[in-house]
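Asks: Each chain is listed here by its residues.
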Amino acid sequence: MAKTRFVDRLPVLHQLRQSVGLQRGMLVAGLVLTALFLLCAILAPWIAPYGFAQLSDADGNFGAQQPPSAQHWLGTTVGGYDVLSRVIWGAQTALYVVVVAVILSVFLGILLGLLSGYLGGWVDRVLVVVADAIYAFPTLLLAIVVAIAISGGQSGLWPGVFAAAISITVVFIPQYFRVVRAEVVRVKSEAFIESAKVIGASTGRIMFRHVLRNATRTLPLVVTLNASEAISTLAALGFLGFGIEPTAAAEWGYDLNKSISDVAAGIWWTAIPPGVAIVLTVLGVTLIGESLNDLADPRLRARRRAVRTPAEAVAASQPTAREELGEVQ
Amino acid sequence: MTSLSAADRAVDIRGLDVTFATDSGDVHAVRDVSLHVNRGEVLAIVGESGSGKSVTARSILGLLPETATAEGAVVLDGVDVVAIGREKLREVRGTKAAMIFQEPSTALNPVFTVGWQLAEGLRAHRRISRKAARAKAVEMLGRVGIPDPETRVDHYPHQFSGGQKQRIVIAMALALEPTVILADEPTTALDVTVQAEILDLLRRLRDEFGTAIVLITHNMGVVADLADRVAVMLDGEVVETAPVAELFAHPQHEYTRRLLAAVPRLEIVDRMPPAGVEGEAVVVADRLTIEYPGRLGTPPFRAVDGVSFRIGPGEVLGLVGESGSGKTTIGRAIAGLAPVSAGSLRVLGTEMNGVKERQFRKFRKDLGFVFQDPATSFNPLLTVAECVAEPLIVHGEARSASDARAKVDELLEAVQLPKAFGDRFPHELSGGQRQRASLARALALDPKLLIADEPTSALDVSVQARVLELFGELQERYGFATLFITHDLAVVDILAHRVVVLHRGTIAEEGRTADVLGAPTDPYTQRLIVSLPVPDPELQAVRRAEWQRTR
Chain H
1 MAKTRFVDRL
11 PVLHQLRQSV
21 GLQRGMLVAG
31 LVLTALFLLC
41 AILAPWIAPY
51 GFAQLSDADG
61 NFGAQQPPSA
71 QHWLGTTVGG
81 YDVLSRVIWG
91 AQTALYVVVV
101 AVILSVFLGI
111 LLGLLSGYLG
121 GWVDRVLVVV
131 ADAIYAFPTL
141 LLAIVVAIAI
151 SGGQSGLWPG
161 VFAAAISITV
171 VFIPQYFRVV
181 RAEVVRVKSE
191 AFIESAKVIG
201 ASTGRIMFRH
211 VLRNATRTLP
221 LVVTLNASEA
231 ISTLAALGFL
241 GFGIEPTAAA
251 EWGYDLNKSI
261 SDVAAGIWWT
271 AIPPGVAIVL
281 TVLGVTLIGE
291 SLNDLADPRL
301 RARRRAVRTP
311 AEAVAASQPT
321 AREELGEVQ
Chain D
1001 MTSLSAADRA
1011 VDIRGLDVTF
1021 ATDSGDVHAV
1031 RDVSLHVNRG
1041 EVLAIVGESG
1051 SGKSVTARSI
1061 LGLLPETATA
1071 EGAVVLDGVD
1081 VVAIGREKLR
1091 EVRGTKAAMI
1101 FQEPSTALNP
1111 VFTVGWQLAE
1121 GLRAHRRISR
1131 KAARAKAVEM
1141 LGRVGIPDPE
1151 TRVDHYPHQF
1161 SGGQKQRIVI
1171 AMALALEPTV
1181 ILADEPTTAL
1191 DVTVQAEILD
1201 LLRRLRDEFG
1211 TAIVLITHNM
1221 GVVADLADRV
1231 AVMLDGEVVE
1241 TAPVAELFAH
1251 PQHEYTRRLL
1261 AAVPRLEIVD
1271 RMPPAGVEGE
1281 AVVVADRLTI
1291 EYPGRLGTPP
1301 FRAVDGVSFR
1311 IGPGEVLGLV
1321 GESGSGKTTI
1331 GRAIAGLAPV
1341 SAGSLRVLGT
1351 EMNGVKERQF
1361 RKFRKDLGFV
1371 FQDPATSFNP
1381 LLTVAECVAE
1391 PLIVHGEARS
1401 ASDARAKVDE
1411 LLEAVQLPKA
1421 FGDRFPHELS
1431 GGQRQRASLA
1441 RALALDPKLL
1451 IADEPTSALD
1461 VSVQARVLEL
1471 FGELQERYGF
1481 ATLFITHDLA
1491 VVDILAHRVV
1501 VLHRGTIAEE
1511 GRTADVLGAP
1521 TDPYTQRLIV
1531 SLPVPDPELQ
1541 AVRRAEWQRT
1551 R
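So the sequences go chain by chain: H and D. The opening position of the first sequence corresponds to residue 1 in the working numbering, with each subsequent residue numbered one higher. The opening position of the second sequence corresponds to residue 1001 in the working numbering, with each subsequent residue numbered one higher.
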């Protein structure tokens, strides 16, 4: 049995090699958009022409609502900031929030789902009721309440990022909780769990060694889908004025909010760039998530048709030696 | 059969090649297969899993998945199925060829009455009034031996037993009087007593309606009972085709000989119980009763009802019964996986009625368990070595999997697996190899008691024979007591010192293997034994006559 090459076992690369046709196109588009987003976020200090809170340079103030020009490729906002710089820096803020939100909700969600699904009983019942109650809340309202409670009105970069991330976390934990719990309940009844019980393994060992890793198959998909939702929730919070102050960090939702009046005045350059940035980032991450979802399911995965070149036909008609297949007689 | 003209052939397969596109490249599942089935003839296609027997048969109905490409010709009653389009294929299905599936409970739609489902097939092909379709459905049900068809036609699938469901599936296949019926393992999911009745029904179809039947099976007893001609497949090729009597008497191909030799037969060997069997018993059940709680308002379901038996040290006890007899429940109760409701069950000196897992845990190292399906009883994310090391780690004999590796290698060697297999993942092993690894895991701590729950029923015959042989060797070498749970009397005959026959939660008969299988006194045991088809056409004909008498 040949060892699979290292590149084939990396999560996303493996799927990329596996995909064909439209599915491959979707995945590649998603990867390109997401790579663009990540590059902007990481390289923001170097590629952004100005700082996110910069109002003036050596030539003096930028001026408000300036149309695109050689100095300001996408013009300036009503507050006098450079639009292009804020769009690029906004990627960084979005990335912070996504990373913090996903890490927090993944760990808590998995732990609670595992406990609830495996132990069952009253722990399970209480947690499911709480998760359902959170589900019943409008997510944005919940996020707003949590954001206010955490930030307490003040909003620097990290308090703002954490406020947004934690409010998103609260909304997402029930999702991870449910996915993991459902998987745990399924895995729990598998024969290999029973065989671990018969061996005499302790409950903790069964939960973490045998159940956990088998219950997290679908998580990468949920993570990508939630990451895109986290970006839109952050934008919505910023748009509604519960996000981060412009002096603390650049934030797409906040910029959109400030450009509402510009739209009516025929000033297009303040609203469209952050809007496009949100759409493309969400689209990119969602495309990856959807493609991974399709590729993970053998019934949805497209395959190349069986092609028959003469050489292959000959190779195929030679019976494979049984020893080669690892058969021990 | 060359003297028969082409018109007498119900199906004529010529040079069929089927290729599947998979993630790991193309798989050539069927290679240049040529077969024919005459009208009114039963052709059995035998072979092990992966031999291409199902794919060949399904190509007759054009029932191949989208990833498959077929080449060659499959002429079904004058129509080449490979060449025709979708719409034509739909016309052919049902009228010229129909199919009987392995699992009758999933082949029927649970939300419609059986009468509706029978009529559905009729109305798909003919303009027929609702009333006439219903009358036809009643007639078909009567023909396949469903009692009281006028009322039963309005019942739903769950209101029928497994055997009756298979009869209904046969009625559906028969409704449009097809030239050929494909039966894909039609009796594998059924108990032996029911199997005998379904085989009898299929034989009547052939004799009374002249329907050709393509029977796909791995059970040589079924072949001997029903088939006229047999085609043996290996790795996608037909290696031998012969009339049934000739195949069993003078197998030509080496693989056929090997296959026939591997089939377990009832030989009724009197096995002496091992020395020391009278010592302190490993398991004692005294009026053991196990109930599963019913839903609110319904009484609990009693799976095991007042069963008493004993397993002495080093003794192999065969626990035989059909589905629903409570045999698996008893095994699970001994392993502490099902609670005891009443009576007493002492395992390794511990009373299991009301036992706490914490008290029993320290005795678990003396207890091994081999599960039915080797595919699911291994954690798919751990290597075989890690899985086998698990009991050693849990009971503190090793700190980690690498620490236990020497012992694991020794165990793998004992079950005749190469050491290198320890680094593979369970899915990289074949069924028989996995079941051997499972045996290695069960024996890791040198247990006093081994519970084997249908350990070979998911395996091919030749693999089963090797696993059973290995099992016998290990049992003699290590001398552990065994509870061997199975539905297959021939398997019990190979291994057990004593046999307990269970019937609906109670013991029908108990005693030495030779006594119970050779001279059964209980009518249920007698029926069980005569229902078992033997892999010998002549002998089976005699036994069939005997079975007809006991009905």
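Note that these hints are calculated values from the structure, not bench results. A few of these clues could be false.
From the derived model, a few chain H residues whose C-beta atoms are all more than 12 Å from chain D [unchecked claim]:
#: 1; residue: Pro67
#: 2; residue: Leu104
#: 3; residue: Trp158
#: 4; residue: Val198
#: 5; residue: Thr203
#: 6; residue: Leu240
Chain D side only, calculated, beta carbon under 7 Å to chain H, not exhaustive [what the hints assert, rightly or not]:
#: 7; residue: Phe1371
#: 8; residue: Leu1381
#: 9; residue: Thr1383
Glycine is no exception: its CB is placed at the ideal position from the N, C-alpha and C atoms.
Asks: Confirm or reject each hint.
Replies: Cross-check of the supplied hints:
| no. | hint | verdict |
| --- | --- | --- |
| 1 | Pro67 | holds, 54 Å |
| 2 | Leu104 | holds, 26 Å |
| 3 | Trp158 | holds, 37 Å |
| 4 | Val198 | violated, 4 Å |
| 5 | Thr203 | violated, 9 Å |
| 6 | Leu240 | holds, 44 Å |
| 7 | Phe1371 | holds, 5 Å |
| 8 | Leu1381 | holds, 5 Å |
| 9 | Thr1383 | violated, 13 Å |
Hints 4, 5 and 9, counting from the list given before, are not met by this structure.
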